[in-house]
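To convert, note that position 204 of the sequence shown is 313 in my numbering; the numbers rise steadily by one, no gaps.
Be careful, since some hints might not be right.
Unchecked claim - Taking lysine to aspartate or glutamate pairs in the DMTMM-like style, the calculated list, with each CA pair at most 20 Å apart, reads: (1) LYS224 with GLU240; (2) LYS224 with ASP295; (3) LYS317 with ASP356; (4) LYS311 with ASP285; (5) LYS238 with ASP267; (6) LYS220 with GLU168; (7) LYS311 with ASP295; (8) LYS228 with GLU281; (9) LYS234 with GLU263; (10) LYS234 with ASP267; (11) LYS220 with GLU240; (12) LYS238 with GLU252; (13) LYS180 with GLU152; (14) LYS234 with ASP307; (15) LYS224 with GLU349; (16) LYS256 with GLU281; (17) LYS224 with GLU263; (18) LYS220 with ASP295; (19) LYS256 with ASP229; (20) LYS228 with GLU252; (21) LYS228 with ASP307; (22) LYS256 with ASP267; (23) LYS228 with GLU240; (24) LYS234 with GLU330; (25) LYS228 with ASP267; (26) LYS224 with ASP307; (27) LYS220 with GLU152; (28) LYS220 with ASP209; (29) LYS317 with GLU349; (30) LYS358 with GLU330; (31) LYS238 with GLU263; (32) LYS234 with ASP295; (33) LYS220 with ASP307; (34) LYS317 with ASP307; (35) LYS311 with ASP229.
Bear in mind the hints are in silico, worked out from the structure with no lab data behind them.
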Amino acid sequence: MSMDNQHKAVPHKQRIATADTDQFYQSEQSLQQTADSSMAHQEIDTPFHFRHCCWFCQEPTEIRLLFPTNKERLQDCDHQAISLPICRECKSLVRTANADNIWQCRQQVKKALAKRYQKDLAIGKNWSKSELANAGFEGGNFEGFAKSGWNMFEIARDRVNFSGWPLWCNGEQIVDSTIGRQFVFDGVTYADITQAIDFYVKTYALPKDFFFDCINIVGVERFAYAIRYARMFVGCTAAERRTALQDLKTSD
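Kindly produce the complete structure, drawing on both the sequences and the hints.
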């Protein structure tokens, strides 16, 4: 759903164009893909140093994704049927993707990964590496978190940020149809601005409409300021937030 359908448009300073993972590590048989064997999926060109890496998130892998899976889906696809490396978890996410090409599929998988690892990504927003190491959690219930928390954040961040590699197959490039939609903020690449808004709403318990209105006023290029301002009014009444928005309009 587009942002215009969810909220009023943002004026052009710039227009705004976890579950238990054990359940996703299923048996190899359950991950087998039902694909039309007559389609002759062509392998993409894979750089040597990525030959055992998932194209979606860079996790080690030995399995492949066949896209699209049948001739009916191929009619709506703007590129030939391809085969590319994918990890088990990303392959489970592809099943729920509704995409006309592999780049749209990747965008939906990235969103799903970021949603699944929301708590891990939030570690990097609430702590710095040194703060976590010196938090004084030794011997307590959070000792394990202090030791592994930053590593959990970095793994989640790097998987979400991984951009794959250019797709070439039989001498033809499969052009990225999602160029320009990504939103990069504070070291994390989001599939789009909507995903970034949803992430910070959940991370800081921000009132979504209020946060969106703050961005609407100051512009997406001042996304960090909009976050700080919205955080000051968590728990306030609707009337107080309306006043805060008027103050923001006056000061901007």
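Results of checking the hints against the structure:
no.: 1; hint: LYS224 with GLU240; result: 25 Å, violated
no.: 2; hint: LYS224 with ASP295; result: 17 Å, holds
no.: 3; hint: LYS317 with ASP356; result: 18 Å, holds
no.: 4; hint: LYS311 with ASP285; result: 30 Å, violated
no.: 5; hint: LYS238 with ASP267; result: 15 Å, holds
no.: 6; hint: LYS220 with GLU168; result: 16 Å, holds
no.: 7; hint: LYS311 with ASP295; result: 16 Å, holds
no.: 8; hint: LYS228 with GLU281; result: 40 Å, violated
no.: 9; hint: LYS234 with GLU263; result: 12 Å, holds
no.: 10; hint: LYS234 with ASP267; result: 15 Å, holds
no.: 11; hint: LYS220 with GLU240; result: 28 Å, violated
no.: 12; hint: LYS238 with GLU252; result: 14 Å, holds
no.: 13; hint: LYS180 with GLU152; result: 17 Å, holds
no.: 14; hint: LYS234 with ASP307; result: 14 Å, holds
no.: 15; hint: LYS224 with GLU349; result: 31 Å, violated
no.: 16; hint: LYS256 with GLU281; result: 46 Å, violated
no.: 17; hint: LYS224 with GLU263; result: 15 Å, holds
no.: 18; hint: LYS220 with ASP295; result: 17 Å, holds
no.: 19; hint: LYS256 with ASP229; result: 14 Å, holds
no.: 20; hint: LYS228 with GLU252; result: 17 Å, holds
no.: 21; hint: LYS228 with ASP307; result: 13 Å, holds
no.: 22; hint: LYS256 with ASP267; result: 19 Å, holds
no.: 23; hint: LYS228 with GLU240; result: 17 Å, holds
no.: 24; hint: LYS234 with GLU330; result: 19 Å, holds
no.: 25; hint: LYS228 with ASP267; result: 15 Å, holds
no.: 26; hint: LYS224 with ASP307; result: 9 Å, holds
no.: 27; hint: LYS220 with GLU152; result: 25 Å, violated
no.: 28; hint: LYS220 with ASP209; result: 16 Å, holds
no.: 29; hint: LYS317 with GLU349; result: 15 Å, holds
no.: 30; hint: LYS358 with GLU330; result: 16 Å, holds
no.: 31; hint: LYS238 with GLU263; result: 10 Å, holds
no.: 32; hint: LYS234 with ASP295; result: 9 Å, holds
no.: 33; hint: LYS220 with ASP307; result: 11 Å, holds
no.: 34; hint: LYS317 with ASP307; result: 8 Å, holds
no.: 35; hint: LYS311 with ASP229; result: 13 Å, holds
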